[in-house]
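Student: Top to bottom, those sequences are chains A, B, C and D. Here my numbering is used: the first residue of the first sequence is 1, the next is one more, and so on. Here my numbering is used: the first residue of the second sequence is 545, the next is one more, and so on. Here my numbering is used: the first residue of the third sequence is 1048, the next is one more, and so on. Here my numbering is used: the first residue of the fourth sequence is 1341, the next is one more, and so on.
Read the hints as simulated data drawn from the structure, not as lab findings. Each statement offered as a hint is correct.
In silico BS3-like pairs for lysine-lysine, Cα to Cα no more than 30 Å straight-line:
| no. | chain 1 | residue 1 | chain 2 | residue 2 |
| --- | --- | --- | --- | --- |
| 1 | B | Lys744 | D | Lys1519 |
| 2 | A | Lys101 | D | Lys1463 |
| 3 | B | Lys1018 | C | Lys1108 |
| 4 | B | Lys579 | D | Lys1519 |
| 5 | A | Lys419 | A | Lys393 |
| 6 | D | Lys1519 | B | Lys765 |
| 7 | B | Lys579 | B | Lys744 |
Listing some non-contacts, in silico: residues in chain B with all C-beta distances to chain C over 12 Å:
| no. | residue |
| --- | --- |
| 8 | Lys579 |
| 9 | Ser687 |
| 10 | Pro693 |
| 11 | Thr699 |
| 12 | Pro754 |
| 13 | Thr767 |
| 14 | Pro828 |
| 15 | Asp831 |
| 16 | Val871 |
| 17 | Thr955 |
| 18 | Glu956 |
| 19 | Ile962 |
| 20 | Phe970 |
| 21 | Arg993 |
| 22 | Asn1032 |
| 23 | Trp1045 |
Every value quoted in this text rests on a predicted model; they were computed, and no experiment measured them. In this text, a Cβ means the ideal position worked out from N, Cα and C, and glycines have one as well.
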Amino acid sequence: MSLLNVDKLNLTIGRTPILKNVSLTLGQGEALGIVGESGSGKSLTALSIMRLLPHGSTVGGRITLAGEDLSALSEAEMCERRGRVMGMVFQEPMSALNPLKTIGDQVAEAVRVHGNVTPREADEVARETLNRVGLPATRFPLSRYPHELSGGQRQRVVIAMAIVLKPRLVIADEPTTALDVTTQARILDLLKRLVAEDGSSLILISHDLAIVAEMADRIAIMKDGAVVESGETVELFRAMQHPYSRMLRAASTYVSRRQRRLQASEGHDAPILDTKGVVQEYRDGPRQLFRRAASFRAVDDVGFTIRRGENVGLVGESGSGKSTLARVVLALDPPKAGTVTLDGADLLASRGPERQALRRHIQAVFQDPYGSFNPRHTVARLVAEPFHLDEGKLSAIERRRRVEDALVAVGMQASDADKYPHEFSGGQRQRLAIARALITQPSLIVLDEAVSALDVSIRAQILDLLADLSDRLNVSYLFISHDLTVVRAITDRVVIMQDGRIVEQGETEEVFANPAHPYTQSLLAATPNLERALAARQAGLEAQ
Amino acid sequence: MRKALGRSLGRSLGSAALAVALLTGLAPHAALAAKTDVTIGMPLEPPNLDPTGGAAAAIDEVVYANVFEGLTRIGPDGSVLPALAASWDISDDGLVYTFSLREGVTYHDGTAFDAEDVKFSLDRARAEDSTNAQKALFAAIASVDVVDPLTVKVTLSSPAGNFLFNMGWGDAVIVASESAADNATNPIGTGPFKFVNWVKGDHVELGRNPDYWGEPAQLEKATFKFISDPTAAFAAMMAEDLDAYPNFPAPETLSQFEADARFAVVIGSTEGETILAINNGRAPFDDIKVRQALAHAVDRQAVIDGAMFGYGTPIGTHFAPHHPAYVDLTGQYSYDPEKAKALLAEAGHGDGLTVSLKLPPPSYARRGGEIIAQQLAAVGVTAEIANLEWAQWIAEPFKGKDYDLTIVSHTEPMDIGIYARDDYYFDYHSDAFKAIMEELNNTTDPARRTELFQDAQRQIADDAVNVFLFELAKAGVWNAKLKGLWANSPVQANDLTGAYWED
Amino acid sequence: MSTEPLTDLPRQEHGRWRAHHLSLIIGAAITLGVIAIALLSLVWTPHDPNPTPLPIAERLKPPAGAHWFGTDIYGRDVLSMIMVGARNSILVALVAVGIGVGIGVPLGLFAAARRGWLDDFIMRVNDLVFAFPALLLAIMITALLGPGAINAIIAIGIFNIPVFARVTRGAALSLWTREYVLAARVAGKGSALISIEHILPNVLNILVVQATIQFSLGILAEAALSYVGLGTQPPMSSWGRMLSESQTMFAFAPHVAIFPGLAIVVTVLGLNLLGDGLRDMLDPRLRRERSAQ
Amino acid sequence: MGSFVAQRFVSLSATLLAASIVIFVVMEVLPGDPAAYMLGLNADPAAVAALREQLGLNEPVLQRYLNWVGGFFVGDFGLSYTYRVPVRELIADRLWVSVPLALMALALAIIIAFPVGIIAAAKRNSIVDAVIMGATQLGIAIPNFWFAMLLVLAFSVGLRWFSAGGFPGWDAGILVGMKSLVLPAVALALPQASILARVMRSALLDTLHEDFIRTARAKGLSSGQAIRHHAVRNALIPVMTIIGLQFSFLLAGAIIIENVFFLPGLGRLIFQAIAQRDLIVVKSVVLLLVAAVVIVNFTVDLAYAAIDPRLRRRAP
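For reference, chain A alone in the conformation it holds in the complex (with noise of 0.2 Å):
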């Protein structure tokens, strides 16, 4: 007897059809992943069993949990089910909690709008409950505040609220997303542990193959609002049917198509880019009157080398300051302290139209697809504006060709040149981004997280562009990310930062072959990994 039976589930927003004849099982104690790119519909999947659907929704099906008929509860009984039957984790840690609350109070109102309890007694349970979710109560008493807490912790209390009456079924929509790699691990261990302890049932809902089949005992994959297929994991991974859902398997374990590999030997040029002893620091906390801020110190004495034409990855969680490492290599905040030399000038004393030309040298794409683009400008604008920094100003004929063999270049069409930013999907901006740094036929591009907003089947065609870029034009990049293996499909050398500082610098693969700190270990030991991953479950079937 299955716990949730989803059966023909449609959904539509508006006049908008969202989702089409979704059918879902779920067994008592199973673990269901649900997985699919951004508007595949997985996320309203879930909210539709939660029945917390935006204004103007029209639902069609069945939605069967312990046998009780869902669809034909009033709103009040639904509201007396959440939190009890079936409880539900978000994505977004920061945002998720009442930040005027404290943590207590709101673990215990779940407790509390369910059952006859005294207040302390709601306050009990909460203690018990973010005990489990390893909160104890001596760094965490309930009186704690959301805004005190580290992103992981707060999805702790998250958690913690939605399994405090230890429902039959807990939904998590992206739970991990959020968090950096290393919490990810830990997260993901924590709810797995948690359900088998309550015997309650899991649906997973991720981008992420890699963690569903770590985590999920059946898998459903979406596309567009339905189903394109499902079944049991290692079953469905071993035989493939659907043409998407193995393009999504290899999107997820891509491999660069890069031909041209940099040899070591090769590496007689003079650098292009060299820092010497990067520091930097903010003002932590409001400015005072009397005395000097407190300060923060995000990048702490960091040098490294890119030579011409090599890849470079740098890796690190958030708050390691490799943003700020590439803001200072940018030249957009000057440092405290160091140098940084760009094709042999220093960068940072340069003035005036010297700095001007070296920055034709330096050239930048950053992560968000939507802001890195004026709404109002014209692509040809937009592409073009790097030419601000030549000094012999092009002819608008001459300035017209050369963006649109730019964006010839990129995948797009010459005509797109007329239109405005709105009019292109995430995948196609990003395009854009990587033609107007191209424009003006750079040696180095900055990336900062430039495929991590990105879904995994575009982010595999932006990674080929880059790969055949770097092949065809003899740029270099230093490709910024929190993800390793983006990093090591791309990159020739990496450099691994912790908290402001190098722990780590070599070639790509042979950190990741061997890495040699404890963090870089750790790092690489927390990556969900498909193949590893499968493996265990695999072993995990043989062993029973």
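Fit chains B, C and D to the known structure of chain A by using the hints.
Tutor: Just chains B, C and D now, with coordinates in the frame of chain A:
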């Protein structure tokens, strides 16, 4: 203040039932039977309550004849009556006045009134560092001598025909040396009412003086409430928050009161000659033709109708029409736009003039100004209106002579003498007029005085010094049952001595 | 995060436009109507709003026949005066908004671009102006400069400066963190150029909405100043002054006080509806950009 | 917390100091001589000069500024030129009208606005919401002095429920005093209530979009419970900002309303004082109002910290 609040909290809790009744909307005075108090509305709040230390008419309107008295007083008809001086003798040469004072008069603080107080008051008013706004009233005095406690002898340096009248002004009231310094905030006089309290910005309250030397007042309490806004005044009268508003600021609403049996509307005269004042010293107004043109361009009756809703008497010179010596000169410059244009053309301004018209706050000025501006426009004179606060008005046109035209009402009684002043804001200089005034001051014969007054009136009309518009009417609105208020306003006062409620 | 269906498809403008276009249409219609009436008054009014001399005999006629809105205390046609008053109100409020935009927006842009002590200084000065209650400031300024339309404009305009400076700075600060600004800096552009090319066009939406609000507040402020006699001076018609001149006649000639009052209410209502509609139309786009960060 | 307060206090004082200089300079250049005004049309020039000396108007500018500001610190605002009483007393008397009036209007605005705003937000995009929003638009568009005129006409002249204005003084009884403030408070509160209701609604709607509301719903709270327990308090932050702004507006913005109802409040005092060139009163009242604004904003800042624990963290 906090203490007061606490006290009244206790009191009001005690009478919670009454308070509830008030909140639910019963009119508070419906329950009261024989009324012995009166609430009088006034447009302006007095800045202080010392009539000898400030010019504001509002001071006199509260305290004159009620709290303070002078040697003489001005009656409702403008005549000079005995007050603190029971009688007086005038020497044949008109230079020595001997006043016999009343017996048994005390101030509100219990101190006795005697001849020393008279000497103190008059000497203080004419002293070097005096801040008396009407020092000119005392200019003729050479010395003040105490003959005995009930007799004072005042010696003049030259005869002054209107000296007894002057002594009846609010600025000449008799104060006590002990209390004079505090009169601004706590006036101590000899009148039938004494000062009780003053809620600044709202009202002054007077109470009956039981020890009054004369016939005591019939009212026990009088409250003067300050409501400058005409709308608010209208609403307050209509809501019967006020019992009387002796100088009602919105003539357009008088018909409403007339139609309502609860109210009586009494139109009386004032000493307010309302004029379109002209800066005679400034071109082009130094040309008499231009001034005459202005006089012909203005339709007085239209101004009276438009600004005052018909209340007011046209005048042709600077003199009150109800005065026996008045000459009707309104025909001298009749309303004749064509003639005005012709005169302007003769003066070389055929293609028009642009002048400033600065208006103080009262509605006769603001409204009259708008009407006159349009009348002047009809003869080619563009008047640019600037509305001024009183303080600005005094600074700019009045003291600085910085104006072309302005409208103002000269409310002081018998003030034609201002045309003889050299530094006055009209900037009018006429030896002929000064000669008439000189002779007038030295003349005591009533017939001759009348002749001289009439000569003076004609002189300024001939010179078209200003455009003389109308004598301000006093439009009083009061409860139909309230009797004994003054209909006319020979001085700026609300004499409540004789006021009473009729059952 | 995902209550709205996120797709990787090109984004299009849709949705909220329909729900709020009613207030936009009504607001725009009223506003355009008032502007049209004001413009019309330049060439035509039913009667001379300021005849010479004044037809006193025609005074306080109730609405009927030749005078749709009746006549005032001097016999002038109330409708004609309201039409001319519209011109005056709009002019005063518009120029006051112009002062606010002309000075406030560059200040705000500058403060956001420079940050540091200059930003602090500009914002402190703004706080100082804000610390003066608006109407009090206006009364003080008109008392200082003398009453009149131009001084009313200055008084209202001065208070608009910090409003626009603050709004511009707030929006600009968040735009400065956008990646397209980073991209422009990588392209070597200075803060002045970035402010003009990237910041200003993207704060325009907010400024248009704010300008509409300040415009309506300006009309209310002009009415209030004229009501206390510090605004527009005669013979120019002004709604506020018409109200103050006619309020004693409310009881027996209500039309003189009601029509100018209604004119203010309708105009301000129209502008507020327009501002609301504009905000609802323009804001989703801004909000989406924000959420995409 | 201590340094946060200290820092805010320093900036508060700096604002006040700057304001005092601005006010003083403005008063200096204002045309009109108080002494001449006090003595009237036929005043003797010698008397005017004597009065100027007596009022201390002949001292050097800097000396007068220091006298004034110095006096301010010890609560001595000087002597009113026209009333000849200490300005402090004058202001204290008026505060007993203006502050209760402002508080009453504010309370009224809040009492009306909160439920209305919450209902509109809860029933967003419904007919109820549309009607409420329409009504608030109208409330904002009506000039308060015109609304005051209508109120007087209806309730004083017509129904005679309230007196047409004036203030009998608190000595006449608390309820009598309060009753005389009812109509002015209503006239003042209407536009403020409209603004506040709109702010409340939009702040609530913003909060309702927050993730933690969905979290609360997932715990099993009904949408009403989610609004009450999670949205309202969070929405209070923008609402409080507006209330802070409104209180200062109510204190000063009552100028016109106080004139319509001839209430002896601060607004009318300052208006009268400007007209009479009682500059010492104008200076002090304006500075006091500015201080009120700054202090109210300061209080609002402190209240933020009370509501929002994130701000308390700033305390070392």
